[in-house]
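Enquirer: Given next are the chains, with one letter for each unit.
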Amino acid sequence: MSTQTAKHKVEQVETVTIRFVGDSGDGMQLTGTEFTKANALAGNDLATFPDYPAEIRAPAGSLFGVSGFQLSFGANEVLTPGDQPDVLVAMNPAALKTNLADLRHGGMLIVNAGAFTESNLEKANYKSNPLEDPALQSNYRVVLVDMNKLTEAALEGTGLSSKEVARCKNFFALGLMYWLYSRPIDPQLASIKRKFAKKPEFAEANAKVFMAGHVFGETSELFHERYQVPASKLAPGTYRNVTGNFATALGFATVAQLTGRTVFLGSYPITPATEILQEMAKFKEYGVVTYQAEDEIAGIGSAIGAAFGGALACTSTSGPGLALKSEMMGLAVITELPLVIVDVQRGGPSTGMPTKTEQADLLQALFGRHGESPMPVIAAQSAADCFWAAIEAMKIATKWMTPVLLLTDGYLANGSEPFRVPSPDELPKLTVKYQTEKNYANGTQYMPYLRDAKLIRPWAIPGTAGLEHRVGGLEKDALSGMVSYDGNNHEKMVLTRAQKVRNVVEDVPDVEVFGEKRGELLLVSWGGTFGSVRGAAEALQAAGKKVSHVHLRWLNPLPKNLGEVLGSFKKVFVPEVNGGQLAFYLRGMYPGVDPLQYNRINGKPIKIHDLVAKVSEAL
Amino acid sequence: MSTNGQTVTAALPVYTKKDFESGVDPRWCPGCGDYSIINQIQKTLPSVGVKRENIVFVSGIGCSSRFPYYMNNYGMHTLHGRAPSFASGLKVSRPELQVWIMTGDGDALAIGGNHFIHAMRRNLDMKLVMFNNRIYGLTKGQVSPTSELHKKTKSTPDGSPDYPFNPPLLALGAGATFVARAIDVEGVHMGGVLKAAAEHKGSTFVEVFQNCPVFNDGAYTFITEKANKAEAQLRMEQGKPLLFGKDNKKGIRIDHQRGELEVVVLGENGVTEKDILVHDATREDPTIAFMLAGLADKAGFPTPIGVFRNVQKPTCEEMTWEMIDAAKAKPGAGQLTKLLAGNDTWTIK
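Chains as they are written, first to last, in full-length UniProt numbering: chain A, 1 to 619; chain B, 1 to 349.
These are calculated hints, taken from the structure and not from any lab test.
It cannot be assumed that every hint is accurate.
[Unchecked claim] Here are some of the chain B residues that sit facing chain A, going by a computed Cβ distance under 8 Å:
# : residue
1 : G75
2 : S85
3 : L277
The beta carbon of each residue, even a glycine, is placed where N, CA and C say it ideally should be.
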């Protein structure tokens, strides 16, 4: 094999973006995930972006049934899954039609030519075969491979049905990519064996097809070079690849281990938050209890009940579910029980685009409750950061006796990146204390709303003799917690609860400015757009522009120094995957600040290139 | 020490009714049936063998749901219809607590209908007591899901076109393992039902017919008035024949041909006590419980009170913790470093 390899020049590349696209049943998510693992094992930094339709299996070959998986991996820090693919692997005409426009000019287009049948072309609304269009050849490096036929040939005589054979062709594409990017094949063969351990005939078939793809690269003469992406300079340590939802679940399970307390998740399945419930259900051995409730309302209700009982409670949902939970959040605010509500934002309003990402629940998170009902709100900035954000949210909730809203989004939830596994001593110290003694009148009474200097009330839980008390939705007397209709008491309680949440600012780190501390323009981002905006800031700074960047993890309370930082720049520029919610919020919170905006609401993360162009216009 | 077969730890304090009173005066209307219910609960709790601090009352919204404030236990007064959801999370995470849900017909069956049926089907060990006055009291007199067809209320001035729920039928249909009915003015009987409910392990539904003297006064006089009580009530007692009427001369028999229950008179047409259905709430098959629960809707039949069904099945929280304990018993379980690293890692030096 080594002699054959010699005929191909190996070219070093710094960063590559590859997109696999095919039918929803073509196994593109699996192909993407497997190739991601290969690059992770090779030590590359990476980011991924799965993009699939809401339909489980849309009709084969249809335009709306196209499923894609994009990944970017490189020798340097990889902040996003990439603006434009360098390589597009298209498994059928519909996939080509819906994705070709994104491929970089001059990029490589690998096409499963065998799928370009008359009927598939018709389903994709092609009047003629696009592979015969001379423009295609002149704009891209086109590699036509009849993967259908080659897969069939590889599996001849195995006795598999033609349907089963067809399902293996994604491994052909995978094998080809392994060859093209010079990845060692043994780990993948082992992975196939593990994945199909219960069906050895499929393991064998997929391995055969994978090898066929790999050998095809070597022998077909279609490729003039192979590529190598050197390992990146990630910090030393042990890494694993995590999606945002998995990292969120891992964070909560870690809290259970750090505190020795039960973490209770009450949840109802909703895209794209469901995996948090699914993953946490696997963490029973770490002190996690999951409860799949009958609806969103019962999901948060069960969590509040568990919080009253002393569990570290959380609930996970997405926008429409958060709307349903809003009345319950009001109850959690007035009862001052610790609770984390995770909202994995998706395209809205209503059912909107459930599998596509958006950042449009910010105002709902901040204000979407009845009455005066403030709550700390934080947002995770990347898939791996969901781990840290979940721990931080739970820490704040239990320390301050308050519900906390944690925002992630569909892009973070499904996207993945390397997560450096922390050692236990790198984790925050978490302690949970319950009230066990009477706290009033020389220890003769228990007052559930007797607060400490930070305005935090005690947490006494059922089973504690002598501290029996009642909590509930009716306004509480500021001391005894008895029902009170006294208007002055109500005003006092409203102001106290608000002040308590403002006090949380002592746990909010100051924002760090990336770049010059003052200058022409400050980019302000929050949540899942971190990678795109940081990437744009880096590009602009490299071009000599006086552009800096701050990223907000804390949305309520806002960091103490934010006002000053905003005032240090001539222009403030807020890019968001919504209609301008953070910009609106900042205008209200910092009179005089009137941010410029860049808003995309197309279900996709912001592209670095587009943002650079917009900021350059604004300068 | 043992009461009704349940072992009671010696350390348990000796309680009196007073120990369960919070000292807050109930604010229910004079003559409200709720007073009778709280009275019976407070009288029953000293004998159920659970420490006061381990008992939690959870309620929703409505007159009935003010209940926790008047009890000297842990309590949550929550949101309209949602009490079962809070109680479920509490019970799953803290199985050792005795959890009561105090609710009304509007709270449990209208806005809370979904939570109600799911609490029943899961067989969580929670005792749900539903005060049924067939009207909305706290919002001042609108039709409820148990109001009679054609009932005229403030929101149905021309009569309600909605058929009512039969709550025990609904609870049975949802899979409740304990289903019973009591009446506010039959205090001693209610006390017995509540005691049985407290001792049942699993989803427990107790309907209490409760008079609302302001908005639906006399809703149950058809079965509570002295003059017709004997004819109108059918007391279901475990192991005893279902007899009722003056001098217990009437009884319930299964008409095997039609597959229905029928009312027969002892001594007429050769009917003897041997023909009368003997009540057995512990039947696994709920068919007869369904038939009995359905009698309340049928003309010519008495209204059954007592326990319709009382069967034992593993509870949701028991099974949940069995799984957790099994997971924790695995070798190497619960190690933080293992949790963090998972199986698929790589190292950068």
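Enquirer: With reference to the structure, classify each hint as holding or not holding.
Expert: Cross-check of the supplied hints:
Look at G75(B): its Cβ gets to within about 4 Å of chain A, closer than 8 Å, so that hint holds up. With 8 Å as the threshold, the beta carbon of S85(B) comes within range of chain A, its nearest partner Cβ sitting at about 3 Å, so the hint holds. Among the interface hints, the one on L277(B) is violated; its C-beta lies about 35 Å from the nearest C-beta in chain A, farther than the 8 Å criterion.
Checked against the numbered hints above, the structure violates only hint 3.
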